[in-house]
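Chemist: One letter stands for each residue in the lines below.
Protein chains: 2
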Amino acid sequence: MSVRPPETHGYRMNHTMLRVKDPKASLHFYQEILGMDLIATSENTDFTLYFLAYDHSEGKLTQEEKAAQRFTREGIVELTHNHGTEHDANFAGYHNGNKDPRGFGHIAITVPDVQAACARLESLGVPFQKKLTDGKMKHIAFALDPDGYWIEILPNNFKLN
Amino acid sequence: MSVRPPETHGYRMNHTMLRVKDPKASLHFYQEILGMDLIATSENTDFTLYFLAYDHSEGKLTQEEKAAQRFTREGIVELTHNHGTEHDANFAGYHNGNKDPRGFGHIAITVPDVQAACARLESLGVPFQKKLTDGKMKHIAFALDPDGYWIEILPNNFKLN
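In the order they appear, the protein sequences are chains A and B.
For the first sequence, position 1 matches number 1 in full-length UniProt numbering, and the numbering has no gaps at all.
For the second sequence, position 107 matches number 107 in full-length UniProt numbering, and the numbering has no gaps at all.
Check the hints yourself; a few may be wrong.
The list treats identical chains as interchangeable, and a pair is accepted whether it falls inside one copy or across any two copies.
The calculated lysine-lysine pairs, modelled on DSBU-like cross-linking and capped at a C-alpha distance of 30 angstroms, are [to be verified]:
hint: 1; residue 1: Lys24; residue 2: Lys99
hint: 2; residue 1: Lys159; residue 2: Lys24
hint: 3; residue 1: Lys60; residue 2: Lys21
hint: 4; residue 1: Lys130; residue 2: Lys21
hint: 5; residue 1: Lys66; residue 2: Lys130
hint: 6; residue 1: Lys24; residue 2: Lys131
hint: 7; residue 1: Lys66; residue 2: Lys136
hint: 8; residue 1: Lys60; residue 2: Lys138
hint: 9; residue 1: Lys60; residue 2: Lys130
hint: 10; residue 1: Lys130; residue 2: Lys99
hint: 11; residue 1: Lys159; residue 2: Lys21
hint: 12; residue 1: Lys60; residue 2: Lys131
hint: 13; residue 1: Lys21; residue 2: Lys136
hint: 14; residue 1: Lys66; residue 2: Lys138
hint: 15; residue 1: Lys99; residue 2: Lys66
hint: 16; residue 1: Lys21; residue 2: Lys99
hint: 17; residue 1: Lys159; residue 2: Lys99
hint: 18; residue 1: Lys66; residue 2: Lys24
hint: 19; residue 1: Lys131; residue 2: Lys159
Because the hints were derived from the structure by calculation, they are not lab data.
So that you can see chain A by itself, here it is in the shape it has in the complex (with noise of 0.2 angstroms):
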């Protein structure tokens, strides 16, 4: 087991960056589907940054404050829409990282009742790479976001092997 370097203290594992074809299509799935709050906005000439989070207040804060928290909490998911692509007939869509050139693989939302969880996706229109009932491994979902990245979809309290 290493010991942490003492110059790190402080680090936090902020956010992950997804670039997205249509902020509207994205932030409906984020915010109304997933559950997530839009914490912040970044307007600049050629592109928009969206950054979202969970709220595990319960509601206590307010916007101000989770804002300010945009870069001292971990768990953000950063949305890059770089403008036009969401007009754009020529525009392929972007690359989830799971066929070739493969890389980046999910990312994963961890809930309470994982068989709910899915059953609302579903009933949402929201599409699967694997379902609960696809494979070994029933545990566990891919859900797709609107762009085709894989969202794993997992119980809070599963017990790895």
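Assemble the complex: chain A is given as a structure, and chain B must be docked to it using the hints.
Modeler: Okay, now just chain B, sitting in the frame of chain A:
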């Protein structure tokens, strides 16, 4: 501002999965250089999963307590090692998502002192896609992990415009 669906209560943005060629190099980077703890490992026939995260307890948590947070916390990096890639001369390496076909962009680490953090990374021989002094954004750097994934390094007290 959207209202969070009550069905999503308890959800966590638990982890981000990246495939890595050589776990020895990656574990050195994420543990010894970035300062994360290896909180869990899952060995399988063809692949091994390594779960890394920052300990925010000031060293109070035991390894068992860290492992117990595996599915309840946020900010975990899951590294997937498909066995054999580290010795395969024909393995081309993984795709970092920032050249065509694009998609995933980076993970980001927020730090108390970005100048000190980047100076330390440089002194340890970590290559950079963008140093603090490159380009217009002097407060943000992008280091490269052993597979070439972009690791954004930015201050935890940064103010978005």
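Chemist: So which of those numbered hints doesn't the model satisfy?
Modeler: 3, 8, 9, 12, 15
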